[in-house]
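Taken in order, these protein sequences are the chains called A and B. Using our numbering, the letters of the first sequence map in sequence onto residues 1 to 359. Using our numbering, the letters of the second sequence map in sequence onto residues 1 to 488.
If you're looking for bench data, these hints aren't it; they were derived computationally from the structure. Hints may be right or wrong, so weigh each one.
Unchecked claim - Anything over 12 Å on all C-beta distances counts as not near chain A; from chain B, calculated:
id	residue
1	Gly285
2	Val361
3	Gly395
4	Asn452
5	Gly459
6	Phe463
Unchecked claim - With the C-beta cut set under 7 Å, the calculated list includes, among others, these residues of chain B facing chain A:
id	residue
7	Asn252
8	Leu460
9	Leu470
10	Lys484
11	Leu486
Just so it is clear, the structure is predicted and the values come from calculations on it, not from any experiment. We treat Cβ as the ideally placed atom computed from N, Cα and C, and that holds for glycine.
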Amino acid sequence: MKNFWNKIYDWFNSRLDLQDVVGFIGKKYVPVHRHSVWYYFGGVSLFLFIIQVITGILLLFYYKGSSDLAFESIQFIMSKVEFGWLIRSIHSWAANLFILAAFIHMFSVYFSRAYRKPREITWLTGMLMFFLALAFGFSGYLLPWNELAFFATKVGTDIMTAIPFIGTPIMEFMRGGEDVTGATLSRLFGFHVALFPGIFTVLLAVHLILVQRQGMSVPIDMENIPADEKKTMPFFPNFLLRDLLLWLLVLNVLAILAVFFPAHLGEKADMFAPSPEGIKPEWYFLFMFQTLKYIPAQVLFIDGEILGILLFGAAGLLWTLVPFWDRRSAKGQSSRFVTYLGLFAVIFIIVFTIVGWLA
Amino acid sequence: MKTFITMISIFILFQPNLFAQETKDQCYNCHSALGDKVSTGFQNDIHFQKGISCAACHGGNSRSDDMSVSMSKSSGFKGIPKGNQKSESCIVCHSNSDMMSKYGSKLVTNQNELLSRSVHGKSSIKSNENIIQCIDCHSVHGILPKTHRRSSVNPINIPKTCSKCHGSAVFMRLYNPSLPVDQNEKYLTSQHGILNKRGDSKVAECASCHGSHDILSASDVRSKVHPVNLPHTCSKCHSDAKYMKGYKIPTNQFERFAKSVHGKALLEKKDASAPACNSCHGNHGAIPPGIESISKVCGSCHALNAELFSVSPHKKIFDEQKIPECESCHGNHYIETATNKLLGVSSEAVCSKCHTENKNVKGYKVARTMRYLIDSLDSASKYADSLINSAEQRGMEVSDAKFKLRDANQAKLEAKTMVHSFDEEKFKEVVEGKGLAVTNFVIVEGKAAFDNYFFRRYGLVIFILIITFLSIVLYLYIKKLDKKYLKT
């Protein structure tokens, strides 16, 4: 049997020069320390993204991206297609868990200063993927064309108009017109299944190649440990199998959520119906939505909503560019300001998400 | 000279108002002396009786008998008021409670306010004046108190007064061409109109229902004759036992109507399409529908029921025995929702009034079967509904079946209509062919949804067991690998 696998390997190796890659992986080690657990969230995010791609493709076999047929096609998937309900529920839950895992992964990288030189590009590609994940969530939310999705998209795209000068053109670009219509659905469907996955795949490839080439970052305070006290484990197979174990556990959680809390469809969107009370965005937008509610209508001479959008925009930019302004981490020193800023962001997001959820 | 004196004497002698009352009102004195018809009429006017001079409306100086003074512009003489000036002359006093009490009047002073908000207070085609002025109804120079039998606004005369405009197609075409102009003709055929013509001022006339100064269009929800308000308007008289004493008709119609299916829809749900009093009794020609016409009245809304009844075996018998058709089973003012209990042979079923085990046996059997069928459909649809709802609550996609269940409800309604054919076969066709066929399909779908629900649960358990087993194996393998790595 071993001989059989060797023959196969040799066949590929003689054509693809695999010995370099195998040699590289064989010599790759992952640092082991008290914060190692956070390394796994990148893998979990990747796993959930793969699930999204697979279930998304399966849904695409039956989904019809037009306002006349979208709702009915999902209804068909849920009731007539074998395991259609399961595929849709998993796609819906995996989307939420993916963003949650991406949040955790981002904050773990931030607090361990893993973005510092030479991993600035890895951080930037990660941040862009994070923003794309949010865009995936926003664009996918409208696709069932139900009442809740319709009005949430209306509210979400309306907020865009608060951005000075470019807000209204952006809103119209997203909606494919002045109002949320079938054109918006077709547009967001295109973004969700073609544009975003294309960009995401390129970013993911760059991100993974960089992670493999540069290896796992070690937190600053662990760097000064004497070489003989530093612990490592082989990337292959020890770390990879641990990743696989976690993936299995996540798969279990996903199956339980999908079966016990299946995705509902609700009522078909009616453009002429009044918006239902208490429209809220998905949980990952809730902290921003709730904050905008608390900002007064007018702050000095600026419109409150515009101020909120500008502040979130500035905060997002500042966060994305952290490798470039956090000079201390580049020198191997930990900055308290960066830590407090990160803690503030975590607490702010959690508190406002909970407040928004309860409101 | 003698001849001249004789002529003057004859002229003076033949003056119509020679013996008329001399007043301080020089306008009246001169105009009546000249034999002016207007001033003759004014003699009986309530305003004249109260000592109000012509100048109160026409302006001028009523104390001077010199025309150049009394009718001069400097003394405020207006002449004949034009357009809205006509009403404005009245408003001066009639909007002023002090002025009214000065003349001993207890009349309200908001008539003009009400009139301006009413349908008559809108601009006329001349646009510079309102559609009607006070004098159009109350007359002029001979205005009498409302209680006076000759007053144009006395209850006995009101229909005639209103029909001056409302009976004229030419006039009404200017403002509301779709409004009929035969209200007065119809009114004269109504019980109200008949009694009114006999001089009964207690019976309803136009103002009793429509109001007087505050008349609004019947389609205006504030109007006293809007369907939602009409039962209250009628009940003002018809529920007042003291007022209705002498007419020998019941006074509990409103009380009963309010509890009925029609009353609840109209008065509680404010459904203006539900029948009000006038829907069955007529409005201007209001009269109780007779035995022969009752099914026509109900059939104007319940057309299918009436049609089925008219070809049913009951029709002939009801006609022969002069039994009122719809009313015999459903009542009149207090019509309850037609539930299954009306059908069948139990004590509360209306069929059992005529059909018993020993009397009219064929109908007894049909009623019993029909009740059994409709009850079966009811319980089957309730079961299907609960099955689908609980499957939905468990997260199952059952919208197709749920939608289908509407057909069962439709069949129930159809069956309730089909009862009026009193034909067992036709009834069975609806209940079994439509209703039960749908409910059975929905029940099968509901059960399949439940099976699927349990399949998901069992599938999940098996999946979790497999994944957990794989995880344990993997965990043990990792531990083994770790040990091997540490040794090296």
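Hints versus structure:
| no. | hint | verdict |
| --- | --- | --- |
| 1 | Gly285 | holds, 42 Å |
| 2 | Val361 | holds, 51 Å |
| 3 | Gly395 | violated, 4 Å |
| 4 | Asn452 | violated, 9 Å |
| 5 | Gly459 | violated, 8 Å |
| 6 | Phe463 | violated, 5 Å |
| 7 | Asn252 | violated, 42 Å |
| 8 | Leu460 | holds, 4 Å |
| 9 | Leu470 | holds, 6 Å |
| 10 | Lys484 | violated, 9 Å |
| 11 | Leu486 | violated, 10 Å |
Hint compliance for this structure: hints 3, 4, 5, 6, 7, 10, 11 are not met, and every other hint is.
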